[in-house]
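Construct all of the structure, not just a fragment, from the sequences and the given hints.
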Amino acid sequence: GAVVSQHPSRVICKSGTSVKIECRSLDFQATTMFWYRQFPKKSLMLMATSNEGSKATYEQGVEKDKFLINHASLTLSTLTVTSAHPEDSSFYICSAPGGDTQYFGPGTRLTVL
Amino acid sequence: QKEVEQDPGPLSVPEGAIVSLNCTYSNSAFQYFMWYRQYSRKGPELLMYTYSSGNKEDGRFTAQVDKSSKYISLFIRDSQPSDSATYLCAMSAGPPGAGSYQLTFGKGTKLSVIP
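As given, the protein sequences belong to chains A and B, one line each in that order.
Going by the working numbering, the first sequence opens with residue 1, and the numbers climb by one from there.
Going by the working numbering, the second sequence opens with residue 1, and the numbers climb by one from there.
Please keep in mind that the hints were generated in silico from the structure rather than gathered at the bench.
Among the hints, erroneous ones may be present.
[Said to hold, decoys possible] Once the Cα atoms are required to be at most 20 Å apart in a straight line, the calculated SDA-like pairs of lysine to any residue come out as:
| id | chain 1 | residue 1 | chain 2 | residue 2 |
| --- | --- | --- | --- | --- |
| 1 | B | LYS107 | A | MET45 |
| 2 | B | LYS107 | B | SER73 |
| 3 | A | LYS20 | A | PHE91 |
| 4 | B | LYS107 | B | ASP83 |
| 5 | A | LYS55 | A | LEU68 |
| 6 | A | LYS41 | B | LYS2 |
| 7 | A | LYS41 | A | SER89 |
| 8 | B | LYS42 | A | ASP88 |
| 9 | B | LYS42 | A | THR78 |
| 10 | A | LYS55 | B | ASP83 |
| 11 | A | LYS41 | B | THR104 |
| 12 | A | LYS41 | B | GLU5 |
| 13 | B | LYS42 | A | MET45 |
| 14 | B | LYS42 | A | LEU68 |
| 15 | B | LYS42 | A | VAL3 |
| 16 | B | LYS110 | B | GLU15 |
| 17 | B | LYS42 | A | SER73 |
| 18 | A | LYS42 | B | LEU111 |
Laid out in structure tokens, this is it:
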């Protein structure tokens, strides 16, 4: 199946700093990528849809200015958590559509101290 | 009522047992149904993909969709300890590979297969 990578796999940062997470489709191009957040023992919640060459589409309740998304190329989307706070600590997962379905990255564990 | 309901478990079975996992949904627009497996602290991995109603088998795994009842199931035969993971159902109104349709997930069922 298709491969999606994420970097870093885990990051610990201080409150108030910004963190960038990269999502790459390794063997296919993706004009659209999706960013999810998953809290412990909860399902994946869609945060935003990343669109190559245009602005991202955010789900209701997700702060656009806090979670900056840039779809720089057909294989790369980045999510920047700006001025991170402890409540932003979560597991962030991206996915890219390919073939019949969506393929997910391995996730990034963010811990904000 | 949530769009997709899934019993979070946990579900614990002995090795070799048949496992039955299921989800119900309320949105009749859903046409595409998937099961993902997620190991702890990893991204979801696609297990089964089904369009509309019917059955699909892949090795020890069988997926069933009953659109009239808005009910989908995943059966695992001869379960193995390596099957221990969280299983998430997901569904969408259009082809998820097209990029235009979101996936709606269940909460996931945590399965433990005891040797």
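Each hint, compared with the structure:
no.	hint	in the structure
1	LYS107/B - MET45/A	holds (10 Å)
2	LYS107/B - SER73/B	holds (14 Å)
3	LYS20/A - PHE91/A	holds (13 Å)
4	LYS107/B - ASP83/B	holds (18 Å)
5	LYS55/A - LEU68/A	holds (10 Å)
6	LYS41/A - LYS2/B	holds (17 Å)
7	LYS41/A - SER89/A	holds (14 Å)
8	LYS42/B - ASP88/A	holds (18 Å)
9	LYS42/B - THR78/A	holds (19 Å)
10	LYS55/A - ASP83/B	violated (40 Å)
11	LYS41/A - THR104/B	holds (16 Å)
12	LYS41/A - GLU5/B	holds (14 Å)
13	LYS42/B - MET45/A	holds (15 Å)
14	LYS42/B - LEU68/A	violated (23 Å)
15	LYS42/B - VAL3/A	holds (14 Å)
16	LYS110/B - GLU15/B	holds (15 Å)
17	LYS42/B - SER73/A	violated (25 Å)
18	LYS42/A - LEU111/B	holds (15 Å)
Consistency with the previously given hints fails for numbers 10, 14, 17, ordered from lowest to highest.
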